[in-house]
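Novice: This is what each chain is made of:
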Amino acid sequence: MTTPILQVQNLKKIFTRNGQSDFLAVDGVSFDVAPGECVGLIGESGSGKSTVANMIARLLNPTGGQIFLDGEDVTKTDVRAVCRKVQMIFQSPQESFDPRRTLGDGIGESLLTAGEPASETAEEVARLLEAVGLSSDFMCRYPHEVSGGQCQRAAIARALAIEPKLLLCDEATSALDVTVQAEIVSLLSHLMRGHGMACLFICHDIALAQSFCDRILVMYRGKIVEEGLPDEVIQSPKQEYTKMLIDSVL
Amino acid sequence: MAVPEPTVRETVIRGSNGKTRLCFFGVMAALLIVSAVFSENLCPYDPYLQDLDAALQQPSAAHIFGTDRYGRDMLSRVIVGSRTSIFSTFLLVAIITTFGTAIGVFCGWARGRADNLLMRVSDLCLAFPGLVFALAVAGVLGGGLSNAVIALAMISWPKYARIARSQTLSVRETSYLKAARLAGCSTSRLILKHILPNIAGPILVTATLDVGTMMMELAGLSFLGLGAKPPTAEWGSMMSETRGLLQTVPWAVFAPGIAIFIAVMVFNLLGDAVRDWMDPKMRVKS
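Top line first, the protein sequences correspond to chains A and B.
Under this note's numbering, the residue at position 205 of the first sequence is numbered 1220, and the numbers go up by one with no gaps.
Under this note's numbering, the residue at position 39 of the second sequence is numbered 667, and the numbers go up by one with no gaps.
I should point out that these hints are in silico values taken from the structure, not numbers from a laboratory.
One or more hints might be untrue.
As the list claims (entries may be wrong) - Lysine to any residue pairs mimicking SDA-like chemistry, simulated, CA-CA at most 25 Å apart:
#1 B:Lys806 - A:Met1207
#2 B:Lys857 - B:Phe715
#3 B:Lys821 - A:Thr1031
Using the sequences and the hints, build the whole thing.
Specialist: Here you go:
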């Protein structure tokens, strides 16, 4: 049996204010993601999906539980320890690039911090842009000078730069219109197969999760209430909340 | 091939003409600075040479701004006074901008107890009426321009710390900073490459606008006898020396007053132009 690329065990997050417990955002979440697998994490806004992703990327410290990345416990480490294995694609593509730096600077940053010489970075950035269907001209553009779809393609190029083992897509297509959504999902699917990357695909579009993911986890009030194959979950939901979620969309 | 029509966005951006304004006020500010640097060479007369026979002369071709009660040429004194007034103001603004920004970025990034402590200290400084506190500090330290700069620096840094802190708190929660952290950036790189450039706009604009305010506050302390000491030519102390003559020899007060007005206006408008220029959305590629 293959070792999961990601193991999340009893993960908890309590947001505190002035030292007092305030809000239980994630309550004992456990799941695995196998290498090359695409797992959909769906649920309504405020259910804790993005908090889980932020904890996996070590952008947030968990209150409890464990996160194993490629067999290594990363719960106590910081983001720099995991950034070679995990990358994230954010909801709003334009806001995920520094407005004062070009897309080329943003894409090449992880290569520079990894120690790649600056002279080779530009070439590599051009290759990455080409891989996501953009010309090398986009290197010199600022985020506000490109469309949402182009910017999200650049964000995918940035995420691929260091060839991570796990890609976290946090509502990566929510801010895009339907045709661009389809293009981005198709591109992601193609690149994931090509690179053998696993993916945790966070969204609240059940139809999209059904077509893109190998497995679906349904979150509600910080807990995973249901999981299974997409067709199983959608056609015969076991939990009342899942039924309600499906009814509200279909 | 036909040149494509500019988009609405490009038309609006071109219409704002920000670069021209920046260049214009930049040149004006540069002229003030250059005249301050070479002030001794630009003076038609020795600004400290007393000639009691020529005291209190009206503006004329020989003395464009007239003379003061000691017969010193006001134009020469205004030109020489620019060096003291402008450079002491620059020094003061540089100190409060650097110190306040460093404290603010540290507080916004580190948060916790250090943030609480430093922000309470800044509240303490902000709670006092500015000039009264500066007067008290200058009174304790004694007169002199350097003590006036220290006194004003002690009460003026919290504004920058507040701006830098709030901007840092806002930037650290952005997706692009999360992306930069995921790119493996160290804390120093995050601060230098991502936070500082993105918070620099409001800080730089405040600093440029503060050049005028600080120039007036330094002049105010000098006016009250806690800044530059006579016979040093400094615009505030020059107004102080001649304030008793406002009704009889108004040009002696107006000359340094007009100099302060022009310098304050140029730096204020330069601040606005810098703010527009620093916004990358206002730039258009050629």
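Novice: Hints first: check each against the structure and report whether it holds.
Specialist: We went through each hint and held it up to the structure:
no.: 1; hint: B:Lys806 - A:Met1207; in the structure: 22 Å, holds
no.: 2; hint: B:Lys857 - B:Phe715; in the structure: 16 Å, holds
no.: 3; hint: B:Lys821 - A:Thr1031; in the structure: 30 Å, violated
When the structure is compared with the earlier hints, a violation turns up for hint 3 alone.
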